[in-house]
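From first to last, the protein sequence lines stand for chains H and U.
Per my numbering, the first sequence runs over residues -2 to 568.
Per my numbering, the second sequence runs over residues 26 to 625.
For the record, the hints were derived by calculation from the structure and aren't laboratory data.
Heads up, the beta-carbon is just placed ideally off N, CA and C, and yes, glycines get one too.
Possibly wrong hints are sitting among the right ones.
Stated by the list, open to error - Straight-line C-alpha distance at most 35 Å; calculated DSBU-like pairs for lysine-lysine:
#, chain 1, residue 1, chain 2, residue 2
1, U, LYS185, H, LYS108
2, U, LYS214, U, LYS38
3, U, LYS214, U, LYS345
4, H, LYS52, H, LYS36
5, H, LYS380, U, LYS185
6, U, LYS498, U, LYS462
7, H, LYS161, U, LYS462
8, H, LYS93, U, LYS498
9, H, LYS381, U, LYS454
10, H, LYS52, H, LYS138
11, U, LYS185, H, LYS93
12, H, LYS380, U, LYS214
13, H, LYS467, H, LYS447
Stated by the list, open to error - Some residues of chain H that are not near chain U, with every Cβ distance over 10 Å (derived):
#, residue
14, LYS93
15, ARG101
16, PRO341
17, ILE344
18, ASP370
19, ASP374
20, ILE487
21, ALA510
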Amino acid sequence: MSKAYAVIDCGEGRGKVLFSSPGFDAGAVTQKIDLCDQKQIWISGNDDMEQENEKLRQLLLEAEAANTAKEAFLSNMSHDIRTPMNAIVGMTALAKKHIDEKARVADALDKIETASAHLLSLINNVLDMSRINSGRMQIAKAPFFLSDLLHDLLIIVRPQATQKRHTLRFRRGKILSEYLFGDLLRLRQIYVNVINNAVKYTPDGGEITIFVGEEMRGDQCALIFRCEDNGVGMSEDFLQRIFQPFERVQSTTASKIEGTGLGMSIVKKLIEAMDGTIEITSSLDEGTAVTVTIPMAYEDVRMDTSALRGKSMLIIEADEDVETVYRNYLGEAGLAYHIVPSFPEAISALTEADYGGRQYDVAIIGKKVEEADNIFDMAAYLKKAYPNLVLVLVSEDQWSDIEYRANRSGIDAFIPVPFFRKSLVNGLNRALSGQEARTDDFGAPDLRGKHILLVEDNEINRMIALELLKSTQAQVDEAEDGQQAVERFIASEPGHYDLILMDIQMPIKDGYAATKEIRHSGRPDAAGVKIFAMTANAFAEDIAKAFDAGMNGHLSKPIDIQQFMRALRTI
Amino acid sequence: MQPYQEQYIENTKEISRLNNGRFDADGEFSQWLETGRQADEKMEALRRENVRLLNDHLFPQLDGIYDAAPEAIADLEAFAAVLMDWSTNLDCGVYVLIHDSLLSMYRIRRDRTNVIKELYLLGMGLYYQNRSLSGIERKYTNPYFFQNEMVFTEGGSYLKFFPEIQEEATKGYIIRCLANIAICTPDYKRRIRVSARILNIVQDADYRAMAPDLPWDTFLRRTHQQMSSNRQVMGRGDLSPQELMQVLESCVEVFKPEAESATPNVRWLWPYYEMEYTCGFADVKTTAERLEHLIRGASYDQYDVSGLYANVQLPINYGKLMRNNPSLQENPARVAFLAEAYEKMMRTMMTYPGEKSNDLFQYYVRLVMCDYFEMRGLESYRSVLEKLLRHFFGRLYVRSRRTGEMLARFCETIIEQSPDFFDDIPFLKVCDSPERKRAALRDYALACGLFHDLGEAKMNMQRVWLIRNPFEKEHQMAMLHTQAAYDEFIHRESTRMFADVALGHHSWYQGGGYPENYVRNQSPYRQMTDVVAVVAHLIEQAKDGPEAAIQSVLSQEGTRFSPMVTAFLGEDSLRRDLAAMLTADDAPFYREIYDAEHAV
């Protein structure tokens, strides 16, 4: 019998039904609920009651679970936020106490910087989780070179691996296309997370191998990334929970491991958002292998090797894998090269060639040479003995870290590792064409004769940007909001501006609106003028929005000098 | 040779002569001091003259080397040959400079014969120049040795042209270059590989036939000697059977005939015994007894090559044997023997009548500095160093003593005003009374002054500075003196407290200076290092007057020098005393040398 009710007057009109729902049966009342003014609700029937109660119990359990999760979240967050905060507060006090002692203050600031970075990453992770959970996350599809992604990746993770004396190996599989379309930032986030876990959970002196390869799957290129370590591994039980927030491997050997416990949840969700997969195999005390496969759109890019034809190259490289890459890329282009594993053999080859009447044009000092500690001394020696020999350094280091020594030793060009066809050929092209080949990411390009419109409402930000632009020697005009920017652009001679650096959030007219107006201004240069967004909103959707508005690029704020200069180099 | 070249050689020889007898004069202290000062003045005048000769003549000549006439080149070669002829090292730096320039010139002229010759000569020059770096951790000296290795490697790479090269001398240079790669490389496996290759070449009938007049048998003997020098790594356990066999074969070839002769020379006999020990043919007890026998067999006043070997090298080897075999350290008789052997060693060193700055003798001075084994029951390393400094490096001793006295005065003010200033230094923190703390600090400051530049002695840098101003490369090498001292101090109990001071006194407070591996914040001795940096700078700048020196320090307050230290320079009495000490007569320090010399 289904449930029905009636409101009954129990006062003067004792037992009078004031109103009732259909099916009410006064003879089968199962519950009476007191109301005010001597009125009661009588409920008849109980066949659905158990079901309802069960539902309510479930809801209650879920609510309690959610509450527990919330408490656990808060407890974790509280601990994780307090830890770096303790360092910040403590080191600040220490710095104040020794304010006259610069070195101690500097040391304290270093520690504060580290703790702040950790705190920031924690907050970023929490925000990421929030965005993912609320479905507000977007995945960009912008072009990028795989070698750039991997070089950046190794630069980021190598210091921690080195600190723990890990052997960090990079292996490449078949690379079908280096030019891919995807969300570079998010891909980097995924890979860095995975490798960082390997570093964290592998005891000192361990081995981590990163593999990257591509496979065709339908009309898409599947980018396969695998990270293997011989670290503490994970139990079957933990493997089931690894993608849950705040889960961390606990073990005696990894008891001091720091982290938010959100990384792998985010990784999983990002991979899913890219239609990819993640597989983890692991054994306790043996190690872990994580394989991430993501389908990507790609494009074939042909490299112009004409400038390299007829040139003779000596490659000093002891890594057989890399040697194979040279053979593939240079060999298939029909270029002349000779590979030796060590400096003494390079000297022999150069001497022999020199007096044999067939001198080398380029010497590539490879990623792995037998005398790795002496690369710059060797370069200096070669440059002195063979002043016309173009020296190209292939290195896993960041150029800014080695620039001084490389320049002093006479190195003419730099190719970052890992490299594929594009970076190798481009590097050699630049070196042989005598162009400024150094990828001096921090150095300002020479923009004499170029005109830049800087649109920024915040005075301090404007000053910083102006200071950076000053070193380029470009002519810079300023606008304080979107409206002024449009007016200045309209008032200028067509083709006057080579670049507009556009803030997004501004009074009167924001950057998106201003850009749209410029693009629709009807001037001959309206479509062609380069406009870069400069915004602190660095999410993929902001980037997408900037592109939608007609912008050509996106620079995050606070300004990253390296990124800023790289953008300027494109004009 | 050109007149300026002859003059330079004459001046340099005279400096060497004056320097050698600088502290050996007879007579009363005042006469001894006066004679020494006159020698100093003469040496300084000659040094200035040398600088002028190089500025006015050599450098312009090297500037125009590409257009040099054959006679000028011949003169340069002759000049260089006198500056360094393997037995006399008058001025290795100028020798290297000349041959480096000649090499560049011959490269431009594409004169292969002379390129090969110059590669060999330059390689030899670099080898001798790099001797001052021995005993310094290899990672800091690697660039210098690597350059040397590359020069010989390039010279050796012409082996491919051996058949077509006409001149036998050039072929000889190629073989020598190849062989000498082994004397530069730190990688013993590469050394063995290189020597094995040369052994094959020099025994190859075809090569011999292509240059019949070359001294092939000498090459063979020398290569065996070179190969046998790897005997010390035989015990490491990472040599392949073939490598072991190659080294062993050379050891037997070189040492066995001597060892089995009726009157074996100790210089061959000990290596043979050493080889037997590292190969496991003789146990440590037998080896120790053999060493004891050889050491006892030499009288302290045997100063010839074999005598020095027996009196200095062998006690040092005995100390190494003891260091590597703790069981020997537990035997009082062996410890007593080593104490006696070390005592005899020091007596030989202190009474050595020959030229103290020559390469061979300096090798022994450095050997003692680098390999003296310190343990209970033996004279402390610190005490030995003090004797060596006073006896062989008189000028450095005087300067270091002055530094020590000024440091002690500086620290007196600091601790008076700020009693816990040096409390990061463990042994000062635990002093239980202010008097004890002051006394301990004074002793420490005096010793820090004395030892902070010990690296200069270890690298024998005075030798170049007496002749002329250092070249850029020599200056760079000299910067390693901080590391040179640190490497020794840190490994011995009696000197560990001076290690950071020696390492960091050229490092800047806010970053900069050298070396990079001194991390101020990690050193408990940083406050003393800061004070040493200030005092050393005051002494360096004293030539412009004490006030100018103090102003120079103050102008770099907070950048180069710790503001916590420079703040004390505001104290009038300290400032006055330091100024007075900067200009005070150094006779008392010379007196210490005189008294010690005449007590021997």
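Hint numbers contradicted by this structure: The structure breaks hints 1, 2, 6, 7, 8, 9, 10, 11, 15, 16, 17, 18, 19; every other hint is satisfied.
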